[in-house]
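Asks: Here is what each chain is made of, one letter per residue.
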Amino acid sequence: MSDERKGWIQIDDLAVTFHANGTEVRAVDGVSMNVQPGEFVSLIGPSGCGKSTLLNIVAGFVQASAGSAELDGKPIKGPGSDRGVVFQQYSLFPWLSVRKNVEFGLRMQGVPRSRRESAARTLLGLAGLLAFENHYPDQLSGGMKQRVGIVRALATSPQVLLMDEPFGALDSQTRVVMQEILTNMWQQFRISVLFITHDIEEAIFLSDRIYVMTARPGRIKAEIAVPLPRPRTPEMTASPAFVELVQQLKALIREESLAAMGSELKDGGLTGFGVKVGPHGVEEMV
Amino acid sequence: MTMRALLRQDHETPPHDPASSGHGATTAAHAEQADGVVMTGSPTTRSSAAPSAVLAVRSSGAMLWLRSNAFSMLLWAISIGSLLLFWYLGTKYRWEFYMRFTNVPTPGEVLGKVAEVSQSTRFLTHIGISVQRILIGFIIAASIGIPLGLLVGRYRAARDLVMPIIEVLRPIPAIAWVPMAIMLWPTNEVSIVFITFLGSFFPILLNTVHGVRSLDGVLIRAARCLGAGELRLFVNVMLPGVLPHIFTGLSVGMGVAWVSLIAAEMISGQFGVGYFTWEAYSLVSYPEIGLGMITIGLLGLGCSGAIQLIGSAIMPWLVHSNAGKR
Numbered sequence: 004m005s006d007e008r009k010g011w012i013q014i015d016d017l018a019v020t021f022h023a024n025g026t027e028v029r030a031v032d033g034v035s036m037n038v039q040p041g042e043f044v045s046l047i048g049p050s051g052c053g054k055s056t057l058l059n060i061v062a063g064f065v066q067a068s069a070g071s072a073e074l075d076g077k078p079i080k081g082p083g084s085d086r087g088v089v090f091q092q093y094s095l096f097p098w099l100s101v102r103k104n105v106e107f108g109l110r111m112q113g114v115p116r117s118r119r120e121s122a123a124r125t126l127l128g129l130a131g132l133l134a135f136e137n138h139y140p141d142q143l144s145g146g147m148k149q150r151v152g153i154v155r156a157l158a159t160s161p162q163v164l165l166m167d168e169p170f171g172a173l174d175s176q177t178r179v180v181m182q183e184i185l186t187n188m189w190q191q192f193r194i195s196v197l198f199i200t201h202d203i204e205e206a207i208f209l210s211d212r213i214y215v216m217t218a219r220p221g222r223i224k225a226e227i228a229v230p231l232p233r234p235r236t237p238e239m240t241a242s243p244a245f246v247e248l249v250q251q252l253k254a255l256i257r258e259e260s261l262a263a264m265g266s267e268l269k270d271g272g273l274t275g276f277g278v279k280v281g282p283h284g285v286e287e288m289v
Numbered sequence: 024m025t026m027r028a029l030l031r032q033d034h035e036t037p038p039h040d041p042a043s044s045g046h047g048a049t050t051a052a053h054a055e056q057a058d059g060v061v062m063t064g065s066p067t068t069r070s071s072a073a074p075s076a077v078l079a080v081r082s083s084g085a086m087l088w089l090r091s092n093a094f095s096m097l098l099w100a101i102s103i104g105s106l107l108l109f110w111y112l113g114t115k116y117r118w119e120f121y122m123r124f125t126n127v128p129t130p131g132e133v134l135g136k137v138a139e140v141s142q143s144t145r146f147l148t149h150i151g152i153s154v155q156r157i158l159i160g161f162i163i164a165a166s167i168g169i170p171l172g173l174l175v176g177r178y179r180a181a182r183d184l185v186m187p188i189i190e191v192l193r194p195i196p197a198i199a200w201v202p203m204a205i206m207l208w209p210t211n212e213v214s215i216v217f218i219t220f221l222g223s224f225f226p227i228l229l230n231t232v233h234g235v236r237s238l239d240g241v242l243i244r245a246a247r248c249l250g251a252g253e254l255r256l257f258v259n260v261m262l263p264g265v266l267p268h269i270f271t272g273l274s275v276g277m278g279v280a281w282v283s284l285i286a287a288e289m290i291s292g293q294f295g296v297g298y299f300t301w302e303a304y305s306l307v308s309y310p311e312i313g314l315g316m317i318t319i320g321l322l323g324l325g326c327s328g329a330i331q332l333i334g335s336a337i338m339p340w341l342v343h344s345n346a347g348k349r
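Keeping their order, the protein sequence lines are chains A and B. For the working numbering, add 3 to where a residue sits in the first sequence, where the first one is 1. For the working numbering, add 23 to where a residue sits in the second sequence, where the first one is 1.
Calculated from the structure, these hints are not laboratory results. Backbone N, C-alpha and C define an ideal beta-carbon position, used for all residues, glycine too. A hint or two may mislead.
[As the list claims (entries may be wrong)] For each label pair, taking beta carbons as the anchor points, the in silico distance ranges come out as:
(1) Gly240(B) to His22(A): 15 to 21 Å
(2) Phe21(A) to Leu207(B): 48 to 54 Å
(3) Arg29(A) to Leu332(B): 53 to 59 Å
(4) Pro196(B) to Glu73(A): 57 to 63 Å
(5) Ser160(A) to Leu207(B): 54 to 60 Å
(6) Arg116(A) to Ile103(B): 44 to 50 Å
(7) Leu108(B) to Arg116(A): 33 to 39 Å
(8) Val154(B) to Ser160(A): 28 to 34 Å
(9) Gly240(B) to Lys80(A): 18 to 24 Å
(10) Pro196(B) to Val114(A): 24 to 30 Å
(11) Ala329(B) to Lys77(A): 51 to 57 Å
Using the sequences and the accompanying hints, generate a full structural model.
Replies: In structure tokens:
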């Protein structure tokens, strides 16, 4: 039972301030959120709202200026293999074969070669990449690279998987397939996932819960549960419940995107390309 | 649809299918490499009929290599041939048009010298000693320059401590070190090796530093969250990640090492190809000057070639990452 409770992220009243060129930039402010063990949670918000900063806090790359971030009740101090991270950029080691990339975390733990190899092969088999185990990353397509990135992060059996817009660089068709693959893998591994995206449909399709963030400094604007049943199928994206969620999230994000442009909009709005944008959105077509 | 079936769906094709070998003039070598990758693949990924198929790909790969490189080889021949022809014509007709070929040895005379020096081991000894000096100086430079470069690139304190010295000493050409080196070191031999070391040290160090600085930070972060500590980070991520830059440094360093060595040998040596060439001038034995120069050129070429071969042998992944950039 105690093992079942692993992978619980708890963030309380967290703030992060960066110092750049002598000025202070508050990236996130007063954020409280959580990911329950085995839960799939997405963070969504306008660009520059501090989504990635939050993920970097949980990953241990960034230190909080105030508040706390805990994993299974223990404060997060630095990166570790109990949290797998999948990055937006391709982060495979180009000098290692696909299989050696997947083995990397186990190698760092001192797992013997034969066990590493069989573990990596099993995972690559699940991702449909066994035939490419001896290829180098530069021989793979973007979607394949990202699948290797996911199984590499899973190889050390982490309690949580942190994903920072992992499909952002992929074309939309590949992206849809990758989302299906991810939900399937998640259902099999049953680990907690914190997923960052700016794609509303992606967030709904994948998540149990969605946090919507405000423009900088990032705060939690809304928390939305996704009542769609599991397993999720592509057909669900046409269901009324799905469409309604999309509309609801779009409205929330739109407000924030406009707020993010706030300073530009304050004095007389933003005019260009035949459109005038004011504090309440597009006001007139010029 | 079952999970497995879903996962096995491949909606993408890899940009490099190893079965489709070389296309275009420069990809033949890649085809060779790709074959190598397939060959080392586990038996489970290939059917039992594979070996003959792979052999067929191999031999057609060789044909392709010949076909796509025939033009290059022709150009190489023209390039070297025109240099030799210029030399031959200049010395045959004793050209004098500001440049004077009056005393320049003819290709025939130099060739005659080759036959002459191969009678004894004296010339070979000169070569052997030069190569030995290069190897010692170069290996010391690499074994200090690479680790130091990794540290300097990674840690600001190391950078602030080391770089001022480097920046002050670097502009001093190796040849300007000759008098100081003779004073510093107990024997001539050591001072020549020292000068060779100096010549290759700076390019190796600076390229390694640059490599660390330009290494993609996401690789470091990925390694850290896969559980790599600081030492593992150096050995398993930074070293291989910086290897392409290191080899650029080794390549440049080897060139500068030869320049420095020959200069040092001409001034303070009693052996070596540089000494041989300078001695030939003092003894008015002009064909030996030509022989010495050509020998230096060939030795330098051989050394850079060796570095390139070693580089591509230990960095097989580069074949693929460069393919898209052509």
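Asks: Lying within 24 to 30 Å: is that true of the beta-carbon distance Pro196(B) to Val114(A)?
Replies: The hinted range 24 to 30 Å is violated for Pro196(B) and Val114(A), with Cβ atoms some 52 Å apart.
Asks: 28 to 34 Å was suggested as the range; check whether the CB atoms of Val154(B) and Ser160(A) agree with it.
Replies: violated (53 Å)
Asks: Indicate whether the distance between the beta carbons of Ser160(A) and Leu207(B) respects the range 54 to 60 Å.
Replies: With a Cβ separation near 58 Å, Ser160(A) and Leu207(B) satisfy 54 to 60 Å, so the hint holds.
Asks: When you take the CB atoms of Gly240(B) and Lys80(A), is the distance between them in 18 to 24 Å?
Replies: holds (20 Å)
Asks: Is the gap between the beta carbons of Phe21(A) and Leu207(B) within 48 to 54 Å?
Replies: With Cβ atoms ~50 Å apart, the hint holds.
Asks: Go ahead and decide if the range 51 to 57 Å is satisfied by the Cβ distance of Ala329(B) to Lys77(A).
Replies: At 53 Å between Cβs, range holds.
Asks: Is the hinted range of 53 to 59 Å satisfied by the C-beta distance from Arg29(A) to Leu332(B)?
Replies: holds (55 Å)
Asks: Assuming the hint says 57 to 63 Å, is it satisfied by the Cβ distance from Pro196(B) to Glu73(A) or not?
Replies: holds (60 Å)
Asks: Take a look at whether the Cβ-Cβ distance between Gly240(B) and His22(A) falls inside 15 to 21 Å.
Replies: holds (19 Å)
Asks: So does Arg116(A) sit 44 to 50 Å from Ile103(B), Cβ to Cβ?
Replies: With a Cβ separation near 49 Å, Arg116(A) and Ile103(B) satisfy 44 to 50 Å, so the hint holds.
Asks: Against the range 33 to 39 Å, how does the distance between the Cβ atoms of Leu108(B) and Arg116(A) compare: consistent or not?
Replies: With Cβ atoms ~58 Å apart, the hint is violated.
Figure legend: structure checked against the earlier numbered hints; hints not met, in rising order: 7, 8, 10.
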